[in-house]
Amino acid sequence: MLNKKNKPLLHKRKEGMRPGALIYVGDSDCEETRIRTHIYDSEGSTTFEGFSMEYPEKQRWIEISGLSDIKGIVLVAKEFNLSNLSLEDVFSTDQRMKLDYYETYFSLTLRVLDTPKKEEEQLSLFVGEGWVISIVEHASDIFVPVVTYLKDTQTKKKKVDAHLLFHALVDRVVDQYLVRADELDQLTEDMEELVVNTPERVTAPDIHKLKRKILHLRRITLPLKDLLANLIRTENIELGKATIHLFRDTSDHALWLNEECEMLRDTVSGLMEVYLSSLDVKMNKIMKVLTIISTIFIPLTFLTGLYGMNFIHMPFATQHWGFYAMFLCCILIVILMAAWFKKKRWW
Amino acid sequence: MLNKKNKPLLHKRKEGMRPGALIYVGDSDCEETRIRTHIYDSEGSTTFEGFSMEYPEKQRWIEISGLSDIKGIVLVAKEFNLSNLSLEDVFSTDQRMKLDYYETYFSLTLRVLDTPKKEEEQLSLFVGEGWVISIVEHASDIFVPVVTYLKDTQTKKKKVDAHLLFHALVDRVVDQYLVRADELDQLTEDMEELVVNTPERVTAPDIHKLKRKILHLRRITLPLKDLLANLIRTENIELGKATIHLFRDTSDHALWLNEECEMLRDTVSGLMEVYLSSLDVKMNKIMKVLTIISTIFIPLTFLTGLYGMNFIHMPFATQHWGFYAMFLCCILIVILMAAWFKKKRWW
Amino acid sequence: MLNKKNKPLLHKRKEGMRPGALIYVGDSDCEETRIRTHIYDSEGSTTFEGFSMEYPEKQRWIEISGLSDIKGIVLVAKEFNLSNLSLEDVFSTDQRMKLDYYETYFSLTLRVLDTPKKEEEQLSLFVGEGWVISIVEHASDIFVPVVTYLKDTQTKKKKVDAHLLFHALVDRVVDQYLVRADELDQLTEDMEELVVNTPERVTAPDIHKLKRKILHLRRITLPLKDLLANLIRTENIELGKATIHLFRDTSDHALWLNEECEMLRDTVSGLMEVYLSSLDVKMNKIMKVLTIISTIFIPLTFLTGLYGMNFIHMPFATQHWGFYAMFLCCILIVILMAAWFKKKRWW
Amino acid sequence: MLNKKNKPLLHKRKEGMRPGALIYVGDSDCEETRIRTHIYDSEGSTTFEGFSMEYPEKQRWIEISGLSDIKGIVLVAKEFNLSNLSLEDVFSTDQRMKLDYYETYFSLTLRVLDTPKKEEEQLSLFVGEGWVISIVEHASDIFVPVVTYLKDTQTKKKKVDAHLLFHALVDRVVDQYLVRADELDQLTEDMEELVVNTPERVTAPDIHKLKRKILHLRRITLPLKDLLANLIRTENIELGKATIHLFRDTSDHALWLNEECEMLRDTVSGLMEVYLSSLDVKMNKIMKVLTIISTIFIPLTFLTGLYGMNFIHMPFATQHWGFYAMFLCCILIVILMAAWFKKKRWW
Amino acid sequence: MLNKKNKPLLHKRKEGMRPGALIYVGDSDCEETRIRTHIYDSEGSTTFEGFSMEYPEKQRWIEISGLSDIKGIVLVAKEFNLSNLSLEDVFSTDQRMKLDYYETYFSLTLRVLDTPKKEEEQLSLFVGEGWVISIVEHASDIFVPVVTYLKDTQTKKKKVDAHLLFHALVDRVVDQYLVRADELDQLTEDMEELVVNTPERVTAPDIHKLKRKILHLRRITLPLKDLLANLIRTENIELGKATIHLFRDTSDHALWLNEECEMLRDTVSGLMEVYLSSLDVKMNKIMKVLTIISTIFIPLTFLTGLYGMNFIHMPFATQHWGFYAMFLCCILIVILMAAWFKKKRWW
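Note that the protein sequences, when read in sequence, are chains A, B, C, D and E.
Under the working numbering, the residue at position 141 of the first sequence is numbered 141, and the numbers go up by one with no gaps.
Under the working numbering, the residue at position 141 of the second sequence is numbered 1141, and the numbers go up by one with no gaps.
Under the working numbering, the residue at position 151 of the third sequence is numbered 2151, and the numbers go up by one with no gaps.
Under the working numbering, the residue at position 289 of the fourth sequence is numbered 3289, and the numbers go up by one with no gaps.
Under the working numbering, the residue at position 272 of the fifth sequence is numbered 4272, and the numbers go up by one with no gaps.
Calculated from the structure, these hints are not laboratory results.
Treat the hints loosely; a few may be bogus.
Think about it this way: if two alpha-carbon atoms lie no more than 20 Å apart in a straight line, the pair counts; the simulated DMTMM-like pairs of lysine to aspartate or glutamate are [stated by the list, open to error]: (1) C:K2209 x B:E1189; (2) C:K2209 x B:E1088; (3) C:K2285 x D:D3266; (4) D:K3288 x E:D4280; (5) D:K3342 x E:E4200; (6) E:K4213 x D:D3266; (7) B:K1098 x A:D280; (8) B:K1213 x A:E193; (9) D:K3288 x A:D280; (10) D:K3209 x C:D2266; (11) A:K213 x E:E4189.
Put together the whole structure using the sequences plus the hints.
And the structure:
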């Protein structure tokens, strides 16, 4: 369920480790590290493979994916004076979303949702004067639009500083959440239609699975609201006016997410009730059929049994019309019973 | 359900877009833009089709419906120095209710409920010194009373400034919510009567649909309370005393809405339980009938079966009164059984 | 349910009305207005029919019931400089409880519970220096004890000012809530006893009706706590020490009310579960009877059927003891079956 | 249920009474008043029957039980300048827990849990400089340990002032709550074992009764937390350091109580679900037996019925082995059916 | 359940005891006290059996397990000027997590989770300038990694003060919680798979037991969040920057724990619903089989019964093809019935 088979072992593996130790405790098969440096200013942007400190006067974004090469990552971190403690979180890939302020930089840890191609992973962002470092566990194309955005002509006109880039990265992740929420909304509506129209094609575990997905998204995105509010109001970093405005927008999205998850949860809980009631309704129908058939034929069977007895003297038994009278009697009883059921609105 | 088939695609479509881009991301078939300018002062009001900046000394309300003509709307916005960011929200028609303060104006985004004629839509209000801009997706007659109110003789005596007009517009939207809440209250009571008196005419999906409508209204109106409280307490804008008093009233309505939705949700949840219990009661009745019939006739059938056996020597089989004795015996059993069921209060 | 058939039309009727308009929007058949003036000081109190401003140096309580004569009420209001806005709330008889401060007076809107004689109604209180105005929709004897209290000899000794009178009026209303809560508590206990002892005399709608009553009281009294806290802590009005102490007591009652409603709601929800379980238990009993009867007699019927077949050669069929052997065999089976059910604790 | 038959009449009886009136509104049969005075200092303590003001320099604890002699109690109250308002609460024995500060003293109202010997009652504590008054409705031995504690040699060494005594009294009451919570915990575990192992010996009303007891304790103890926090933080009284530390401990117990009640409520709600599921499981078993028996024997009965028909020409009817073949055929069907049920894991 | 058979007696036993009395009130069989002293500085660490005050200039950690030797523990406590009140909590082994500040030291009370070898127990930590005392009820190896950490070469380089050691100890306990939460997460997922795939191998009590474990962990860890927040923000103690950073990390874990427990509880509640629905589905299947068999064969039995009657004149009874025609008729009815059930999608 939810592809996290290995996760429960995580804290076990980490148990008793010295705080600040740089050991990767995520899934066993760690992806190869790949570092790319994006250098940009108002003129445009260039992308290098590998880490580079060229053009020190320009803005810099170090994009790292894969955590296998711990030493390489530490080297980059040293260059920007990242503390060991903040690096440790990068390698403990089960962190709750968090925002930490350090002397010359701040860090934000987010969770990137799973896609069909890759599992859910952790994104660590470090932001300082003129530089941003982003570290993810698996290479993916989630930040491609940001790269395009840096190269974009329209962007060139306004100065994109580290904070704006930081927002663009965060926005990409939050957009993913919104899309996921929409998908779950759609799934919930589809499930609703199924439950209402063809409940026999739904099972309780289906609804439960949907609920779990909603609970999971809710749990991941729950801290987002407070975190962004903190980021906007803090005095530790000076975000530009434009950036604050953009983050306020992202913050609105976070609120929307919380409310949406809340409503979806309520709706799916209600769906389960509707599904259960459909089982009851079906049962009622089944029992009605059984009861009608039994109630009609069991008395009749008794009646025929009566004349099936081997007494020597039975009334009418020797009459020619005896059998026909009996048969008529039975048909009469059936008709009366049917009328009675009709009156009781049993069909 | 709830006419929002297309919505889930919204965030997908918007994903990866540069913030501040003015692209309409709402439902595909966008209504034609129609702009009307209302100019008014203490003497009365005039309405022009199209945008007009005549009589600059007077109060001005620009009423826009339909988002197809983005350029036209941008032109109006330029005239009042609206920032691109605030305009972007107009075209992203899935915003959460929000209140934003800018240097010379503030904006409020609300949701206008669906009517039989049109879908739920977004209303953006921009309010500055002496002017109000209202932008909706679809033309509707929701603001007709406000236009009348501006023309009204009684109004002329007191000065209607932009803030008072702004309140009148917001009040119209909130009134809609109140009416909807009343309707849902009525629907809930009707449903209650149905469930209590004729549960066979109700289905669980009916109750679920009602619950979803309530949850939807609740979700839309949830942010309203905080938003209005913010508007009243803020120091960013100076609302007049009268306006504050009016908004306090609207704020009371928002509180009433929240409590009403809460109570309706609880009531409908209870209704579902009552409905489910009615299924159980019905089942009990059906089973009782089956059990009574079976319990009476199955033993009798056995009894007749006994004398239906082809043993050559059976007691009483050759007696004249044998059959009649058996028959009496059966009737006796029926009477005893019936008495026993009566005693057990089974009917 | 809850006698509010007409209410849902309320907001509809009011929709689009100009704020501040004095039009009665409550139930259609509006009661005739009756005004009484109570004038009192430390010497005692006198009551006049109609409005009177005699003895301006004394304390004054204007008691108004019935909203048909709007002009008359407005006249009284003018005398005490009540603003139009605060008067409007008097005629919109669906207000949420609220407390408003004006320059020379403050107003409190409460809901008076329905009695067997009259429906739930709204009470508006206006309190200024030396005067109190109380306006209700229907004449009732709820304030009779307050009138007696004013005339009371014991009261004469201590000075009753407007605030103390105001408290006495509020206290009467809150007392009503407490009595209602006690009644609902009693009803819940009665229902409990019924559900536990004779569940067949209870129906789910009965329990639901009780729950709705509790939810209704809860909703009405929910704002009371905050409102009284506000009244006690505010700096807008200077309540005397004794008055504050009395209101603190009333505030304790409001807290008690909230907790009581909360607990009653939980209890009634639990009751529904108990009731549903009683249905299940009953079903189990019914099914047991059916199963026992069927399980015993259906095999026996087969057995007799076996010897009812018309084969010419059947073992023992020609023996004298054949029938008796068969009969014994059947009785043996019944006994064995009964023992087996006994062992399985089926009865 | 919960021995409060008379309570619902309480507010009715009190309705319309003037605030500050000293009339006992509790249960009808009021216990005789008994006053005891404990005088103590660092040397030891003496106990007098009746009220005594001897040794004015020493600490004093007036222990009153029974509310019949209102005048006597008022006399004591006068001696310590207790206000009428604070005395009124003593006689309204349905108060919510509360803490009130007066000029020279403060009062605390608590609820003392019912014991097998006496009903739940109210405890009023008044604490001033050098004196404590405790008033309960019924004489009980709840404060015996406190008396012992005053006489205790170990206590003599440290100065016990009024505040420490006050804490000792409160602590006794809170200890009672803790013991009750433990008892309910034990009852819940016992119920759990019953529900899990022998659900047929449990009924839904049993579980409901347990839940009500938990809800009742929860409701009584809910205000305790805030009350003690208020007591510790207030600037109205100067508690000694030691006293504050002791109250902090009591406050921790109050928090523990809240959490315990919360958890017990959740557990008992879960228990009800488990119990209901046990009913379903039982039903399934019953139905299985019925279905297996019916499914095997009804077809067989048909088969024998077939050869029970009175056609003159029936195949094999005249064969010697006919009956035996038929019998074998039946046994074969039984075996096949049994195998099929086995395969379907029906037993 | 949960191995706390003896606990409910705890508060009973403690009832009426003088506060500050040092009497062990935990489980009856108290473990023998064992004291170990760890002395360490930047050079490394040494461990002595028993209490030792050697090397007063070095950091000191007194590790005590077992509470039988009260006098011995009091002796150690005297050495560090621990107050009696703070010692009392050590021996009342049912404390809620708490943090207390004293003049020269502070104390933290935590709960250590049960392991297969030992029961849940209480950990008391006392931290002062240069010393830490840890007291647990049972000897265990939970702190072995901390001892190793003190001896570790890497540790030597940085100065480990009392606060850092304190964090290491707390971290060990919180790590246990995290591991337990992971285990419960795994158990929940396993249960989910069972309920979804093989519901017949699950019982409601199994799910309930899991829920109780989750509720228990939730309750224990609930206060942790506030406690750590208090520790970080307090001005009573001066934690170093590094320590604060480490505790912030632990605090994040506490938040994670709360959310995890919340989600697990929701999930398990949902699981119960899925399980109950599986019972209903199974019932439906059973009833379908019964109904189909009954509905097909009961009418047939009637038909055969009809020709089983002993009338002398029955149509076709003397025909050669009579029996075969009847047989064909029966087969036809079976086929028609089956087709009808097929059409109704009953199988």
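Hint check results:
Among the hinted pairs, K2209 of chain C with E1189 of chain B is consistent with the structure: their alpha-carbon atoms are about 11 Å apart, no more than 20 Å. Of the supplied pair hints, the one linking K2209 of chain C and E1088 of chain B is violated, its CA atoms being roughly 49 Å apart against a limit of 20 Å. For the given pair, K2285 of chain C sits about 30 Å from D3266 of chain D by alpha-carbon distance, which is inconsistent with the 20 Å threshold. Between K3288 of chain D and D4280 of chain E the alpha-carbon distance is near 13 Å, which keeps this suggested pair within the 20 Å criterion.
A threshold of 20 Å between alpha carbons decides the hint, and for K3342 of chain D with E4200 of chain E the separation of about 14 Å falls inside it, so the pair holds. Of the pairs offered as hints, the one joining K4213 of chain E and D3266 of chain D holds, with about 12 Å between alpha carbons and a cut-off of 20 Å not exceeded. Straight-line distance between C-alpha atoms of K1098 of chain B and D280 of chain A comes to about 44 Å, which puts the hinted pair past the 20 Å bound. This hinted pair checks out: K1213 of chain B and E193 of chain A have alpha carbons roughly 15 Å apart, not beyond 20 Å.
With a CA separation close to 18 Å, the supplied pair K3288 of chain D and D280 of chain A stays within the 20 Å bound. Simply put, K3209 of chain D and D2266 of chain C have alpha-carbon atoms about 13 Å apart, close enough for the 20 Å limit, and the pair holds. Annotation: proposed proximity of K213 of chain A to E4189 of chain E holds, straight-line Cα distance about 13 Å (limit 20 Å).
Hint check: violations occur at hints 2, 3 and 7; the rest are consistent with the structure.
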